[in-house]
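Student: As a plain string of letters, each chain reads:
Number of protein chains: 2
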Amino acid sequence: MSPVILINVFTVAPADQTRLVELLTRATETSVQHAPGFLSATLHRSLDGAKVTMYAQWRSAEDYQAMRADPTPAPYLQEALQIATFEPGMYEVAERFGGAEA
Amino acid sequence: MSPVILINVFTVAPADQTRLVELLTRATETSVQHAPGFLSATLHRSLDGAKVTMYAQWRSAEDYQAMRADPTPAPYLQEALQIATFEPGMYEVAERFGGAEA
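Heads up: the protein sequence lines correspond to chains A and Y, in order. Numbered per my numbering, the first sequence spans residues 5 to 106. Numbered per my numbering, the second sequence spans residues 5 to 106.
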């Protein structure tokens, strides 16, 4: 079975971007990455300061939903959502493109 | 130097999602992936049908901007923007997390 991809875009005031990266890192390290079905994740900070985006691979949508029901990361995520808005997305890969220089 | 990451989220009517994937694939195959500094890209379709997201790595922001000035992919991108809205983002990696099962 193909993994599901979560691409979650957080919009934030640039003054709060570093704090948001810290909160999402804590939530991931203390809880999310230990959940069944978690495969990998990369956290990105936008160069303009206004966004933070988590790109994560999960074994299945069910594994991801089960993690979301776990209260452990809640304090970090609650604080994150006080300083940011959140646009979630659940995807499958449509195409991959390699570069001549890759 | 670290690569820059482009995460571009397109919002689309579910009936047009397949066409949007085709247009972005054509634009990438015919032009974008041959541009200097292109490293790799993955195109994603959301499971709810409402989004298509391109995740791409470029050697530098300058290489990406130079590609955007190239008119070759314009017809595909113009048609894409007739059926979708586009939220661009330029990022650097903040953190990577590996799963125990990865």
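A hint or two may mislead.
What the hints assert, rightly or not - Label-pair distances were calculated between CB atoms; the ranges are:
| id | chain 1 | residue 1 | chain 2 | residue 2 | range |
| --- | --- | --- | --- | --- | --- |
| 1 | A | 38 | Y | 87 | 36 to 42 Å |
| 2 | A | 54 | Y | 54 | 38 to 44 Å |
| 3 | A | 53 | Y | 89 | 42 to 48 Å |
| 4 | A | 85 | Y | 82 | 24 to 30 Å |
Said to hold, decoys possible - Covered stretches of chain A (in silico footprint by chain Y; criterion: 3 or more residues with CB under 8 Å from a CB of chain Y, positions within the stretch not fixed):
| id | region |
| --- | --- |
| 5 | 26–39 |
| 6 | 76–83 |
The set of hints was computed from the structure by calculation and includes no laboratory data. All figures in this text were calculated on a predicted structure; none of them were measured in a lab. Glycine is no exception: its CB is placed at the ideal position from the N, C-alpha and C atoms.
Student: Has the hinted range 24 to 30 Å been met by the Cβ atoms of residue 85/A and residue 82/Y?
Tutor: violated (37 Å)
Student: Taking the beta carbons of residue 54/A and residue 54/Y, is their distance inside 38 to 44 Å?
Tutor: This hint is violated: roughly 22 Å between Cβ atoms.
Student: Given a hint of 42 to 48 Å, does the C-beta separation of residue 53/A and residue 89/Y actually sit inside it?
Tutor: violated (22 Å)
Student: Tell me whether the statement that chain Y covers the region 76–83 of chain A is true, taking a Cβ distance below 8 Å and needing three residues at minimum.
Tutor: Per the Cβ count (0), the hint is violated.
Student: Are 3 or more residues of the region 26–39 of chain A near chain Y, judged by a Cβ distance of less than 8 Å?
Tutor: With 6 residues in contact (Cβ-Cβ under 8 Å with chain Y), the coverage given for the region 26–39 of chain A holds.
Student: Hint says 36 to 42 Å; check whether the CB-CB distance for residue 38/A and residue 87/Y agrees.
Tutor: holds (41 Å)
Of the numbered hints stated above, those contradicted by the structure are hints 2, 3, 4 and 6, listed in ascending order.
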